[in-house]
Amino acid sequence: MLALACAAIATVDAGEFQVLALSGTIVDSSQRPLPGCLVSVVSEFGRSAPVFTEADGKFSLEASLPPDSFPTAASTPFLEIYWDRTLMFRQPLGSLPMAITIPHNRASAIASTWNGLLHDGGTVVLKPIKLGK
Amino acid sequence: MTESIIAIIAALSGMALIVGSLILIYKGRIALQAIQDKVKEVQQPDALAVEIGKIKIKSQYPTIALFLVAAGCFWLGLEYSKGPKRMVSGTLDDPLAKDYTVTYKGMMGVVFPDDNGHFEQEVPADVNLVILEIAKGGLDPQKFPIYPGKVTNWPVKCQLQQTGTASTASVPKPEINLSQIVQPEKALPPLKTQ
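Those protein sequences? They're chains G and U, same order as listed.
In this text, residue positions in the first sequence follow the numbering used here: the first is 1, and each later residue adds one.
In this text, residue positions in the second sequence follow the numbering used here: the first is 134, and each later residue adds one.
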């Protein structure tokens with residue numbers, strides 16, 4: 001019963017999660033853009049609303065992440081990419097190379113790193129992700 | 134608004150029952166053992182006796198009775214806190230409908246049409262516009278805006294541009310590279326809406 005109460009309180013605390021706006025492009029090994037891929041950010045705490053890649057392979061989504069979801073933590077968020085129902089890609093968000101970052105807290109020394117972005121939130125444009133061999 | 138009030142009352146009642154029963158146990162007014170161990174009468178009373186139609190629940194354990202009532206209050210609170218829902222269903226008019234994936238834009242999870250192309254998902258009742266995005270690997274996603282308050286015939290029909298012909302992917306599926314798939318230490322939530 002106490003666990004239920006704690007779960008309810010934890011749900012209320014969801015407002016403290018950081019929002020990360022994430023965008024990028026999915027391509028194949030020939031650098032061709034891949035439309036219709038399903039992209040989402042997932043951690044043990046939940047999954048962002050999945051989005052499809054458009055005709056040019058681009059996607060953009062928003063993920064609410066707990067403030068302590070640093071790349072080294074066991075609860076690290078992953079970026080997942082599905083082709084229909086097949087999982088094609090799952091890598092820790094913090095391992096993906098970034099092209100552009102616009103952190104919320106620009107005063108922080110680590111603002112433009114994954115640690116800073118996952119802690120304070122912001123906008124990230126990823127470098128193109130290549131699927132396949 | 135009414136749902137929120139019921140949820141708060143139910144949750145507070147559950148919490149009050151838990152705290153109250155802990156205090157009663159601490160003061161010795163109730164015990165964890167069965168009543169029949171203490172009451173030496175011919176007809177032993179029940180701590181809990183509920184009869185709903187053919188379902189009869191009886192217990193001689195007062196703490197269990199309190200626990201069940203508190204659990205009921207919490208369940209009621211959780212149910213009402215979810216708010217009213219509305220089922221938004223559709224039918225995908227395509228020979229290969231079951232190969233497609235449907236997302237309700239901005240909402241959690243995805244749904245997969247069945248063999249007849251039927252799909253459905255609950256959305257909050259106060260949502261005025263739902264944008265369905267339907268796609269499969271290699272094809273551009275197609276969008277279908279739906280105004281649930283104005284729809285009278287459910288499920289809504291979604292006709293894809295490739296209707297009538299076997300849908301073929303415009304871009305071939307890339308080969309799976311297992312080195313790109315990390316196994317997580319902890320279980321992750323599923324992609325599909327539960």
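Calculated directly from the structure, the hints in this document are not laboratory data.
Yeah, the Cβ is synthetic: ideal placement off N, Cα and C, and Gly gets one too.
One or more hints might be untrue.
[Claimed, not checked] With a straight-line Cα cutoff of 25 Å, these simulated SDA-like cross-link-like pairs (lysine to any residue) come out:
1. U:LYS276 with G:LEU96
2. G:LYS130 with U:SER312
3. G:LYS130 with U:PRO317
4. U:LYS325 with G:GLN31
5. U:LYS276 with G:GLU62
6. U:LYS231 with G:ARG47
7. G:LYS130 with U:ILE309
8. G:LYS58 with U:ARG219
[Said to hold, decoys possible] What follows is a list of derived Cβ distance ranges for each label pair:
9. U:LYS218 with G:VAL19: 45 to 55 Å
10. G:SER30 with U:ASN249: 49 to 59 Å
11. G:ALA99 with U:LYS319: 28 to 38 Å
12. G:SER108 with U:TRP287: 31 to 41 Å
13. G:LYS133 with U:THR285: 29 to 39 Å
14. U:ILE142 with G:THR86: 46 to 56 Å
So, going through the hints one by one against the coordinates:
Restraint check: the Cα-Cα separation between LYS276 of chain U and LEU96 of chain G comes to about 29 Å, which exceeds 25 Å; the hinted pair is violated. With a C-alpha separation of about 12 Å, the suggested pair LYS130 of chain G and SER312 of chain U falls inside the 25 Å cut-off, and the hint holds. Proposed proximity of LYS130 of chain G and PRO317 of chain U is supported: the alpha carbons are some 21 Å apart, at most 25 Å. Restraint check: the Cα-Cα separation between LYS325 of chain U and GLN31 of chain G comes to about 29 Å, which exceeds 25 Å; the hinted pair is violated.
Distance restraint check for LYS276 of chain U and GLU62 of chain G: the Cα-Cα separation of roughly 19 Å lies within the 25 Å cut-off, and the hinted pair is therefore satisfied. Restraint check: the Cα-Cα separation between LYS231 of chain U and ARG47 of chain G comes to about 23 Å, which is no more than 25 Å; the hinted pair holds. Under the criterion of a C-alpha separation no larger than 25 Å, the hint pairing LYS130 of chain G with ILE309 of chain U is consistent with the structure, at around 11 Å. The suggested pairing of LYS58 of chain G with ARG219 of chain U is violated, with an alpha-carbon distance near 31 Å, which exceeds 25 Å.
Separation of LYS218 of chain U from VAL19 of chain G is about 25 Å and departs from the stated range, judged on CB atoms against 45 to 55 Å. With their beta carbons about 37 Å apart, SER30 of chain G and ASN249 of chain U fall outside the hinted range of 49 to 59 Å. Take ALA99 of chain G and LYS319 of chain U: their Cβ atoms lie about 29 Å apart, and the range 28 to 38 Å holds. For the pair SER108 of chain G and TRP287 of chain U, the beta carbons lie near 50 Å from each other, so the given range of 31 to 41 Å is not met.
Under the hint 29 to 39 Å, the C-beta atoms of LYS133 of chain G and THR285 of chain U, about 51 Å apart, miss the expected range. Distance hint for ILE142 of chain U and THR86 of chain G: a CB-CB separation of about 47 Å, consistent with the stated range 46 to 56 Å.
When each numbered hint is compared with the structure, violations occur for hints 1, 4, 8, 9, 10, 12 and 13.
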